[in-house]
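Chains as they are written, first to last, in this note's numbering: chain A, 1 to 94; chain B, 1 to 250.
If you're looking for bench data, these hints aren't it; they were derived computationally from the structure. Every residue, glycine too, gets a C-beta built ideally from N, C-alpha and C. Be careful, since some hints might not be right.
To be verified - As a list, the in silico EDC-like pairs of lysine to aspartate or glutamate whose alpha-carbon atoms are at most 16 angstroms apart: (1) B:K43 with A:D65; (2) B:K36 with A:E49; (3) B:K118 with B:D104.
Claimed, not checked - Per label pair, the in silico range of CB-to-CB distance: (4) A:D40 with B:G74: 32 to 38 angstroms; (5) A:N22 with B:R91: 57 to 63 angstroms; (6) A:E49 with B:Y205: 28 to 34 angstroms; (7) A:V47 with B:E139: 47 to 53 angstroms.
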Amino acid sequence: MHEMAIALALIEQAEKVAREQNARAIPGITVVVGRLSGTDPDALRAVFELAAEETLAKGATLTVDMAAGRELYIKSMEVDVEAGEDVRGEALNV
Amino acid sequence: MCKDCGCNVKGHSHDHAHDHGHHHEHDHEHPHVERKTIELEVKVLAENDAHAEANRSWLSQHGVMAINLISSPGTGKTYLLERTLERLRGRVQCAVITGDQCTDNDARRLMGKGAMVKQIETINSCHLDAARVGALLPEVAGNGVKLLFIENIGNLVCPAAFDLGEHFKVALLSTTEGEDKPVKYPTLFSMAPVVVLTKMDLVPYLDWSLPKCRQYLNTIRPGVFVFELSAKTGAGLDAWIEYLEKLIKP
Numbered sequence: 001m002h003e004m005a006i007a008l009a010l011i012e013q014a015e016k017v018a019r020e021q022n023a024r025a026i027p028g029i030t031v032v033v034g035r036l037s038g039t040d041p042d043a044l045r046a047v048f049e050l051a052a053e054e055t056l057a058k059g060a061t062l063t064v065d066m067a068a069g070r071e072l073y074i075k076s077m078e079v080d081v082e083a084g085e086d087v088r089g090e091a092l093n094v
Numbered sequence: 001m002c003k004d005c006g007c008n009v010k011g012h013s014h015d016h017a018h019d020h021g022h023h024h025e026h027d028h029e030h031p032h033v034e035r036k037t038i039e040l041e042v043k044v045l046a047e048n049d050a051h052a053e054a055n056r057s058w059l060s061q062h063g064v065m066a067i068n069l070i071s072s073p074g075t076g077k078t079y080l081l082e083r084t085l086e087r088l089r090g091r092v093q094c095a096v097i098t099g100d101q102c103t104d105n106d107a108r109r110l111m112g113k114g115a116m117v118k119q120i121e122t123i124n125s126c127h128l129d130a131a132r133v134g135a136l137l138p139e140v141a142g143n144g145v146k147l148l149f150i151e152n153i154g155n156l157v158c159p160a161a162f163d164l165g166e167h168f169k170v171a172l173l174s175t176t177e178g179e180d181k182p183v184k185y186p187t188l189f190s191m192a193p194v195v196v197l198t199k200m201d202l203v204p205y206l207d208w209s210l211p212k213c214r215q216y217l218n219t220i221r222p223g224v225f226v227f228e229l230s231a232k233t234g235a236g237l238d239a240w241i242e243y244l245e246k247l248i249k250p
């Protein structure tokens, strides 16, 4: 199965965003997985932890939202940033 | 109203007096970490998609039509390509990028038929990706190639998820696999505008129904273009070859 490739690509994209935000860690990622995306959510969850080792997403919680089509995208992520640092983009406080 | 707690009960008091003989030191700087949620819409395969787009524009610039052939292992992708290269030899300049987990057996089968052939051994990966294909394009598909076949890893699931920059996908399905593969593996069959039914010469020996298979194919992708052929007997091959020749006509 190719979920390891998907997990690695997912973390790569998440780290890219996190670096733009000067984040120190990514404690959570929510990903939308379409039923026709060719990605199995259970397999993805199973390999995610290993793929996240030695990345900013180490120990991150992966939330999978299912969708109907071929969607495969990161919908949101939690980032830990130093207080006072401006978080660019559409940022919402939790 | 009580000024301390805001209640309307009269006649009570709040005792706030307490000793505080020490003070809290705070002479070091420590980072206050804040947790934020960022809303996004970042494609997981953005990196692959970028490579695929680069491949597509390279192919367009060089006038190459690229087809991504996807099927189960053993459907007959390589056999069909052997017959196809033989028929197009001297008429259409073809090239092949063929992927397998291991061995260059397929490349060796396809060599000597007038086409440039390159094997990708993916070792532990179940699909070809756009970066790997892109790295081979100048070598394989430069020099006047008009038609590039990308023979993907035999697998109905994973290759469907990775855009290689091809112009379209062709799904192959052999009669021995049963009629209902399209509904069992809808991802690939919903993405392939062309389907080739292979091993049609075996139909007399199988409980396999062409109308049923076509019905399943049309359920997943209405109006899908279907070829029925046998690479072994050559039946149905003419239509496939004519179709390929028309594809690359300016």
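Consistency of the hints with the structure:
1. B:K43 with A:D65: holds, 14 angstroms
2. B:K36 with A:E49: Violated: K36 of chain B and E49 of chain A sit about 21 angstroms apart, past 16 angstroms.
3. B:K118 with B:D104: Status holds; Cα separation ~9 angstroms.
4. A:D40 with B:G74: 32 to 38 angstroms: violated, 23 angstroms
5. A:N22 with B:R91: 57 to 63 angstroms: With a Cβ separation near 59 angstroms, N22 of chain A and R91 of chain B satisfy 57 to 63 angstroms, so the hint holds.
6. A:E49 with B:Y205: 28 to 34 angstroms: violated, 48 angstroms
7. A:V47 with B:E139: 47 to 53 angstroms: violated, 33 angstroms
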